[in-house]
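In the order they appear, the protein sequences are chains B and D.
Here this note's numbering is used: the first residue of the first sequence is 1, the next is one more, and so on.
Here this note's numbering is used: the first residue of the second sequence is 1, the next is one more, and so on.
Honestly, I wouldn't trust all of these hints.
In silico SDA-like cross-links for lysine to any residue, where the CA-CA straight-line distance does not exceed 25 Å [what the hints assert, rightly or not]:
no.	chain 1	residue 1	chain 2	residue 2
1	B	Lys263	D	Arg5
2	D	Lys57	B	Trp118
3	B	Lys263	D	Ile58
4	B	Lys105	D	His132
5	B	Lys264	D	Tyr83
6	D	Lys138	B	Val35
7	D	Lys10	B	Ile255
8	B	Lys264	D	Thr23
9	D	Lys138	D	Ala114
10	B	Lys179	B	Lys264
11	D	Lys10	B	Leu177
12	B	Lys264	D	Glu71
13	B	Lys33	B	Leu140
14	D	Lys138	D	Glu115
15	D	Lys212	D	Thr15
16	D	Lys57	B	Leu266
17	B	Lys263	D	Phe59
18	D	Lys138	B	Leu102
Calculated directly from the structure, the hints in this document are not laboratory data.
None of these values were measured; they are calculated from a predicted model.
One letter stands for each residue in the lines below.
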Amino acid sequence: MRRQEDHLILSSGRQHFTDKIKIMGIITVLWEKWVEFRRDFYKITVAAMISPLMYLIIFGLGIRTTSHGQPYIFFLVPGLVAMVTMTGSFSAIAQNMSVQRLYEKALDQVMVSPTPLWQFILGQVIGGSLRGLYAALVILVLTIPVRHGLIFNWLSFAVMILNGMVFATLALVLSFLAKTYSDAPRFNTYIIMPMSFLCNTFFSTEEMPDGFRQLIEIMPLSQASGMIRSISCGQTPDLTGIVILLAYLVILGGISVFFIYRKKNL
Amino acid sequence: MIEVRELTKKFGSFTAVDDLSFTIGTGEFFGLLGPNGAGKTTTISMLSTVLLPTSGKIFIDGSPLTRAASEQKRKLAVITQEYSMRQDMTMDEVMEYQGRLYYMPRKEIRSRSAELLEFAGLSEYHRRTVRHLSGGMKRKLMICRALLIRPEILLLDEPTAGMDALSRRQMWNLLKQVNDRNMTILLTTHYIEEAETLCDRVAMINRGKLQKLDTPQTLIDELGRFTVDTTGDLSLSSMHFASREDAIRYLETADTDAVLRNTTLEDVFIECAGRKIT
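Construct all of the structure, not just a fragment, from the sequences and the given hints.
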């Protein structure tokens, strides 16, 4: 440190805080997410493309089949869009929060700050959801040549955002539960990968055996896939799905807020 | 003012902090001393609300400190033992993130951040990501980050750990300067010289329990201002005396090599950490 007797630099006391903006904490987290997105833009974009592109090539273009009397790719694209909102949102938060909490200890900086912690949670959820939405937009752009006639409107985007929010919140809960840095990839293996394959992405849940079918159908991705697919075919979606996704969001959001305020050893 | 009242923290059956109570006055430089594993970092973690106490309470200026207490947390800044920062952010981004978390206007964040980085000799690296900084630079950045928000209370958890002697002296000068400007400082350290040089009062803890709390000089006086070190075949032992005459009398009767010196805070520390606790 340079020797400097600068009263202004070393002084203590009240700042000129700008907490007239009541949601400043949310904006701060979104700014942090933007910094991260801007820095890793190419990595994030390529990562969002690779898996869905493989599925599209293998199942949509390689193995040419039909589903419900239409080319299979018409079934697949809405499912993949729902899936990437899940994986994009989940990975944006789970990996990041686990590293911040367990490895970098950067979460400590947030915990000691006056930013209300519920705003931190909400900022993470919105930020994660936007990352999922970005991944979905990448897929929608990539599939323009093969998805003639599929409809994606404001309701589809609302479902994508809601689905992303659910999985960003799930990622928060799991990263607060993680005991080691290596737990984050495990959550991916145990939760996200099975959901990707089973929850109405690649095949309809209609043919599944009773009991198992109901279990799968209540999963958020099944609901999101079903609604986005219905909209894409010009049908009216079953809005029960919205209620189910909102229920997940409220429950998981409540748990994550409880953890950040009450968990003894964060 | 910080008031720690009957603070206890348990991890399963292990008690890291055991019924700890002390008060730190406004503008006081307070040291928390103890050997490794004494509970210093756990105490700081509870003061920064990262850990919640099993029982007991912390008050800042008379109001309870909780995770929801934004008004109390606004007064606090923490410099942790570890480099608790986003490793993939640049220095500028680390500072801006901190300023935003404390609701500072962007214009003020930028101007004050530039001043502080210049003051710390880091301004030419302001676009470098944290992971590409040396340990000393990261430590300086953490200090700049803490001072950015002009805290009223600064919590420091072994801030000079791993620093070379020169950097440590520079850090001491800086801490003295900020303390002179009425900033309350709580410092945990196991460098006894650091506490003796800087602190108005020190609390010695071991195994989570408060052993002694007073000014360094009073603690030394209580133990005895003069110490005679005797060297045996395999060990060094020390005897403490209130007066030089008593010490000299003992020295004359010693049948091994013996040296008379002034008692230091380190002797008090060793007495607390090594002898009284079983």
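Exercise for the section: Find the hints from earlier in the document that the structure breaks and name them by number, from lowest to highest. Expected result: Of the numbered hints given earlier, the structure breaks none, since each of them holds.
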